Amino acid sequence: MKVLISGGAGYIGSSVASYCLDSGITPVVLDNLVTGRREFTTGRIFYEGDIADGELVDRIYADHPDIHAVIHCAALIVVPDSVNDPVGYYRSNVTKTLEFLSHLLHNGCERLIFSSSASVYRAGDDFTVDEESTVDPKSPYARSKAICEDIMRDISTVTPLRTLSLRYFNPLGADPQLRTGTQLPRTRQVVGKLIEAYETGSPFRIAGDGFPTRDGSGIRDYLHVWDLAAAHVAALRHYDRAMPSGARSTVINLGTGTGTTVFELLAAFNQVADTPITSVVAPPRPGDAPGAFTRTDRAARLLGWRAERTLTDGLRDALAWAAVWDERLPEPDPARLRSSTP
Numbered sequence: 001m002k003v004l005i006s007g008g009a010g011y012i013g014s015s016v017a018s019y020c021l022d023s024g025i026t027p028v029v030l031d032n033l034v035t036g037r038r039e040f041t042t043g044r045i046f047y048e049g050d051i052a053d054g055e056l057v058d059r060i061y062a063d064h065p066d067i068h069a070v071i072h073c074a075a076l077i078v079v080p081d082s083v084n085d086p087v088g089y090y091r092s093n094v095t096k097t098l099e100f101l102s103h104l105l106h107n108g109c110e111r112l113i114f115s116s117s118a119s120v121y122r123a124g125d126d127f128t129v130d131e132e133s134t135v136d137p138k139s140p141y142a143r144s145k146a147i148c149e150d151i152m153r154d155i156s157t158v159t160p161l162r163t164l165s166l167r168y169f170n171p172l173g174a175d176p177q178l179r180t181g182t183q184l185p186r187t188r189q190v191v192g193k194l195i196e197a198y199e200t201g202s203p204f205r206i207a208g209d210g211f212p213t214r215d216g217s218g219i220r221d222y223l224h225v226w227d228l229a230a231a232h233v234a235a236l237r238h239y240d241r242a243m244p245s246g247a248r249s250t251v252i253n254l255g256t257g258t259g260t261t262v263f264e265l266l267a268a269f270n271q272v273a274d275t276p277i278t279s280v281v282a283p284p285r286p287g288d289a290p291g292a293f294t295r296t297d298r299a300a301r302l303l304g305w306r307a308e309r310t311l312t313d314g315l316r317d318a319l320a321w322a323a324v325w326d327e328r329l330p331e332p333d334p335a336r337l338r339s340s341t342p
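Numbering-wise (full-length UniProt numbering), the sequence shown opens with residue 1 and increments by one.
In short, the hints are calculated from the structure, not lab data. These numbers come from a predicted model, not from an experiment.
Derived Cβ-Cβ restraints for the label pairs, each shown as a range: (1) G216 - L21: 34 to 44 Å; (2) H64 - R153: 21 to 31 Å; (3) P283 - S245: 40 to 50 Å; (4) A247 - P86: 30 to 40 Å; (5) D215 - T275: 16 to 26 Å.
Backbone N, C-alpha and C define an ideal beta-carbon position, used for all residues, glycine too.
Generate coordinates for the entire structure from the input sequences, incorporating the hints supplied.
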């Protein structure tokens, strides 16, 4: 089986590509390297370019007419950046995705897996969500994902293209073999900030303690990136089963089924770090929400998938990747530090 992975040089896309290779699936990587890393394409079929470049997409299909499905991971993902630059986020995440879809249709694509986000939901009073929960995105980033899902759903009703959206929560960790991980040495996401505090000896800044959670800090579902990659491959292998009763599009949530607050995340980090870190409370970031975690029944039923790795597994692998980052990847251009692709 051969699969086209857009954004396949980013954190999520490269992890999915690695899992594909380990599973006997050939990934074809498309990435413009704005935030992805060329190093993550070594030994893989790679096309450098933009998903909105129709001529390039046509050339990929001409070179690889046996592409079985497309996994669309390319996106900008930093919530505060999306608040400050909604035009840029809608252009990158929505406009370019629409162009990409147009050329996928032109080339006869019938199976699309969209790497979406659980940030589209409004959580219930217990902070849990499932696929029937209300969609109510709170940031331009989250809205860009919801808009793309709507576009795909409309297209799927009148074309041969079927779409499977995987809505997932906060990925952490790295490929256990340390082939790939986060593109930046210390990401702006919470685990990156934990590692930065660990390495510098500075306090970890908890972004807000006034949320209506059990300890006032945000609550999230932290999913090991290798489990997330496994879910994408399960979606490839069970694509038809995931579309029950002839459905043209469907949504599946991915997560551990367990909510972890930021204070609890800090405590887990201190269990695996050789030097514990301290913390201070800071204001929440623009666009931050209390958070949520998912019920995972649909993923188990349709994909035969459940998360297998623990929170401490993810934190341990994140620390291991941080320890080898400097030797695996050169320091990126400062312009690339502004955002990160999945």
